[in-house]
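When you get a sec, could you build the whole thing from the sequences and use the hints?
In case you want the letters, here they are:
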Amino acid sequence: MANKKISQLTAKGTALAATDLVEISESDGAGGYVTKSVTGANVKSGLQATLVSGTDIVTINSTTLLTSGNLALQAPLVSGTDIITINSATLLTSGNLNLQTPLVSATNIKTINSNTILGSGDLVIAGGQKVPAVSNTIGTTITGLTNAISDSFLLPANTFSSNCQIELQWYPSRIVGTSGITQGLVYINSTNSLTGATLVATGTNLSNSGVSNITCRRTIHVRSNIGTLMSTTNQASSDFSTTQPTENLPFDNSVGIYFLFVMNNTTNVLLQSRNVGYRLVGYNL
Amino acid sequence: MSNIKTSKGKITFNKTEYVLQNFTNDSAESVSYALLSDSQVHIGTDKGIILFDLSCTINKETFTDINLFTAALY
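Note that the protein sequences, when read in sequence, are chains L and C. In terms of my numbering, the first sequence has 7 at position 7, counting the first letter as 1, and numbering is strictly consecutive. In terms of my numbering, the second sequence has 13 at position 13, counting the first letter as 1, and numbering is strictly consecutive.
Be a bit skeptical, because a hint or two may be false.
According to the in silico footprint, chain C covers these stretches of chain L (three or more CB under 8 Å from chain C) [to be verified]:
(1) 143-151
(2) 196-203
One-sided excerpt, in silico: chain C residues whose CB lies under 7 Å from chain L [what the hints assert, rightly or not]:
(3) S37
(4) Q40
(5) D46
(6) K47
(7) G48
(8) I49
(9) L51
(10) D53
(11) S55
(12) I58
(13) T62
(14) L73
(15) Y74
To be clear, the hints were calculated from the coordinates, so they are not data collected in a lab. No residue lacks a Cβ here, since even glycine has one placed at the ideal position from N, Cα and C.
Written as structure tokens, this is what we have:
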């Protein structure tokens with residue numbers, strides 16, 4: 001074997017056997033080398049064991065990585081770019097995202113008169129009570145001998161149909177005055193003004209000295225946009241003033257109607273009064 | 001300023017015609033009108049009781065006295 005290049009040696013032709021000897025130069029740690037031999041077993045013991053897919057190396061979606069070619073993977077998701085957000089919140093996070101369960105009419109959302117409210121468009125409610133005006137605010141204080149607006153509201157056009165029943169409740173209050181009478185009146189008008197307004201209700205006299213409040217109620221029966229006031233004669237309750245029935249009131253629901261709550265102070269210049277709330281309910285007929 | 005036009009027992013205000021007629025006041029009396037103040041009056045009509053005041057003219061005439069104003073309506 002002397003003076004032979006390694007390329008000139010006879011090839012073994014088979015895999016390295018455990019008992020085969022391989023010549024090596026082992027570093028002596030001081031810059032020199034010592035010629036030694038290692039066995040085939042010595043060489044193999046330092047090599048990585050053959051990879052077994054699914055045992056020594058993971059698979060992706062049950063596909064082995066131990067193959068040639070390119071494995072195409074999805075690019076990393078960017079919130080808001082590759083994947084939508086929900087209410088500006090990213091989906092790329094851990095934990096649970098609480099979403100409303102789909103609405104099922106009559107199961108987890110109520111119906112109105114047996115009609116579903118799920119869907120587009122307008123839900124026309126022909127019957128049933130409407131409450132277009134409620135207020136518990138304190139109206140402007142009216143002082144002295146005058147008949148002036150303490151509070152008002154606009155009943156928007158087409159709130160009710162041309163045939164309807166309206167019930168108005170209001171609360172006049174006398175707040176100062178040892179004598180004299182005050183009344184809570186209600187007018188309707190096309191503008192928020194008393195001029196040309198139509199009187200639709202006269203509350204009972206407030207004649208007690210000092211502070212006194214009453215509840216007043218007026219029912220208006222509307223047929224073809226013409227209002228009729230009910231007779232309140234012989235009503236048992238003191239909440240109702242006695243009035244004669246009145247017919248032919250203009251009450252056109254196709255246009256806005258202002259309800260004007262007016263305090264009428266009489267016979268005492270020191271009287272102070274105001275309206276302290278109202279409620280209007282009605283039904284289309 | 002709104003104008004009230006008068007015509008033989010009728011008045012026209014804001015394009016609405018009212019027939020003047022009596023109404024029952026708080027004292028259960030049948031009256032054609034009721035003064036509310038020095039500037040306001042309730043007028044009985046076929047369309048209910050209407051409040052008018054001195055801010056209105058009657059046939060383009062301005063009034064400063066509510067009694068003269070009311071008389072001019074009839």
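Hints versus structure:
{"no.": "1", "hint": "143-151", "result": "holds (count 3)"}
{"no.": "2", "hint": "196-203", "result": "holds (count 6)"}
{"no.": "3", "hint": "S37", "result": "6 Å, holds"}
{"no.": "4", "hint": "Q40", "result": "5 Å, holds"}
{"no.": "5", "hint": "D46", "result": "6 Å, holds"}
{"no.": "6", "hint": "K47", "result": "5 Å, holds"}
{"no.": "7", "hint": "G48", "result": "5 Å, holds"}
{"no.": "8", "hint": "I49", "result": "4 Å, holds"}
{"no.": "9", "hint": "L51", "result": "5 Å, holds"}
{"no.": "10", "hint": "D53", "result": "6 Å, holds"}
{"no.": "11", "hint": "S55", "result": "5 Å, holds"}
{"no.": "12", "hint": "I58", "result": "13 Å, violated"}
{"no.": "13", "hint": "T62", "result": "14 Å, violated"}
{"no.": "14", "hint": "L73", "result": "13 Å, violated"}
{"no.": "15", "hint": "Y74", "result": "17 Å, violated"}
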